[in-house]
Amino acid sequence: MSEARQAAHDAAALAARTAYGRLVAYLAARWRDVAAAEDALGDALVAALETWPRDGVPDKPEAWLFTAARRRLLDAARRAGVRAEAAADLRIVMDDTHGAGDASFPDERLKLLFVCAHPAIDETVRTPLMLQTVLGLDAARIAAAFVVAPATMGQRLVRAKAKIRDAGIRFEVPERRELPPRLEAVLEAIYAAYGTAWEDVDGADPRRRGLADEAIWLGRLVTRLLPGEPEALGLLALMLHCEARRAARRDADGRYVALAEQDVARWSRAAIEEAEQLLARAAEAGAPGRFQLEAAIQSVHAQRATSGRHTDWDAIALLYEGLIRIAPTIGARVGQAAALGEAGGPGAGLHALDAIPLDAVVAYQPYWALRAHLLARTGRPDDARACYARAIGLSEEPAVRAFLAARSAAVP
Amino acid sequence: MKYTILIYESESDFKARTDEGRKAAYWGAYRAYTTALREAGVMTGGAALQPPHAGTTVRQRDGKRHVQDGPYAETKEQLGGFYEIDVPDLDTALQWAARCPAAAHGSVEVRPNLVM
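Protein chains in written order, with the numbering used here: chain A, 1 to 412; chain B, 413 to 528.
FYI, nobody ran anything at the bench for these hints, they're computed from the structure.
Computed from a prediction, not measured in an experiment: that's the story for all the values here.
Misleading hints may appear alongside valid ones.
Stated by the list, open to error - Think about it this way: if two alpha-carbon atoms lie no more than 25 Å apart in a straight line, the pair counts; the simulated BS3-like pairs of lysine-lysine are:
hint	chain 1	residue 1	chain 2	residue 2
1	B	Lys476	B	Lys427
2	A	Lys163	B	Lys414
3	B	Lys488	B	Lys435
4	A	Lys111	B	Lys427
5	A	Lys163	A	Lys111
To be verified - Some residues of chain B that are not near chain A, with every Cβ distance over 10 Å (derived):
hint	residue
6	Asp425
7	Ala428
8	Glu432
9	Lys435
10	Tyr438
11	Arg443
12	Thr446
13	Thr447
14	Thr468
15	Pro483
16	Asp501
17	Leu502
18	Asp503
19	Pro524
Beta carbons are placed, not taken as given, at the ideal position from N, Cα and C, and that holds for glycine.
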């Protein structure tokens, strides 16, 4: 690849990553057709790779992409035989306010998120739809995260976008009384995006790079536009608590470091402080929820850095109990078992794990890693090693596999 | 944007149309709903349909006409009527549909009209 070609490629890739969701949202909000907006932007990106090496990268790559995508949308409308006056209307709509010369597009991503969370959209596809349209994740990656065949996920996404286009769903943040259920779906999607990025400890997957920042950014956007929503504040606090420990998840040699062994000096005090403030603000509403409880659990862990005390596992177990009452996920139940194992000894932890139906955890790595850890502590080395082997087989990250292998080897 | 509100009713709902004890309430609710649609200026058409027993299904296959008594499928709820409304978006259409008397016992489907 020549230098100009490489530079153009990098610039297009950067613009695509930073502006994809914003451009799709902006185009879709005006065109009211998410699939067409995505196609047009995809074409514009291809055109950029052809044009930029020859003519140089434009001063405002986003504006360039917007103009190219808009031209494609108008061409497609003409080809589809949209009546002349309707096409003229469309052109006015697309020229509306911030034109092509201005790189600062109004951010329509929140509107697009709420469109994806509309009750008229099949519940199971809402989060995948948000991840694809607003954050640009590809269908295969989303399918893996949701344990669905890629073709099935692709079909569901296509159907949902056709529904948005044909059913006339309004591109607006819903009115207050319609807000709670749709906000829940939006927060769920943002958290899923953050979780996807979080699992990629090594930052090895380029598709997931920057996704954590995007998720936090969206979390901030929701709290700014809907101030005082306790669960939105809770989610942002939760993400910031996790983000505070990002650097500490690896030692100097790139080895995985478990939470209990992390060097608290490497935790970001600024992120922890912001998370604590957000959580306090959320508590003012007096309406606890899933994300506030999860953030509160992380807050207890964070106290190791601020107070220097040992982790209060009793408090964590209690918070998990509350969380399970609201959201009885496998993750919460395994988390509670871990807390009980630390607070009341390995027997208590194993007892809690045994209460989880086995078929729900066959492929859930944290369950097997925790089970192995607890078995080792109760003096059942063979069972512990078997569970470590199982956990290793379920770990995607090489560093995590190495960590578990070392633990397994250390079992007496 | 034009939407059609399709009203699906159970056998009991169809009976309410003529049942001495229930017909006043049944028709009263529909009259009030239709008036509300008209006064809001959103109603562009519609009709109440006779019960399914009055329906006849026709299919043309291999040049032969097959005529069958009743609606095509035997389901618990049958099409009892429809309204056509013209509103800006799906949410507004859903708000109107939710006020339809059938939403409380039968079910109501909102389908955007195809623009030809």
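Status of the hints after comparison with the structure:
Our distance criterion of 25 Å between C-alpha atoms is broken by Lys476/B and Lys427/B, whose separation comes to about 35 Å. For the proposed pair Lys163/A and Lys414/B, the alpha carbon gap of about 15 Å is at most 25 Å, so the pair holds. Between Lys488/B and Lys435/B, the direct Cα distance comes to roughly 21 Å. Compliance with the 25 Å bound is thereby established for this hinted pair. Proposed proximity of Lys111/A and Lys427/B is contradicted: the alpha carbons are some 45 Å apart, above 25 Å.
Annotation: proposed proximity of Lys163/A to Lys111/A holds, straight-line Cα distance about 16 Å (limit 25 Å). For Asp425/B, the condition that its CB be more than 10 Å from all CB atoms of chain A holds, with the nearest at approximately 24 Å. With a minimum CB-CB distance of about 29 Å to chain A, Ala428/B clears the 10 Å threshold, and the non-interface call stands. For Glu432/B, the shortest C-beta to C-beta distance to chain A comes to about 39 Å, beyond the 10 Å cut-off, and the non-interface label holds.
The claim that Lys435/B lies off the interface holds: its Cβ sits roughly 34 Å from the closest Cβ of chain A, which is beyond the 10 Å cut-off. Tyr438/B, annotated as away from the interface, keeps every beta carbon of chain A farther than 10 Å; the closest lies near 28 Å. Remark: the non-interface label on Arg443/B is consistent with the geometry, its nearest Cβ contact in chain A lying 28 Å away (cut-off 10 Å). Listed as a non-interface residue, Thr446/B keeps its Cβ farther than 10 Å from every Cβ of chain A; the least gap is roughly 23 Å.
Look at Thr447/B: its CB is around 25 Å from the nearest CB on chain A, clear of 10 Å, so calling it non-interface holds up. Against the 10 Å criterion, Thr468/B stays outside the reach of chain A, whose nearest CB is about 31 Å from its own CB. With 10 Å as the threshold on Cβ separation, the claim that Pro483/B sits away from chain A holds: the shortest Cβ distance comes to roughly 26 Å. For Asp501/B, the non-interface assignment is contradicted: its Cβ lies about 4 Å from the closest Cβ of chain A, within the 10 Å cut-off.
Annotated as non-interface, Leu502/B brings its C-beta within 10 Å of a C-beta of chain A; the closest such distance is 5 Å. At the 10 Å boundary, the C-beta of Asp503/B falls inside the reach of chain A, the nearest C-beta of that chain being 6 Å off. Pro524/B, annotated as away from the interface, has a beta carbon of chain A within 10 Å; the closest lies near 6 Å.
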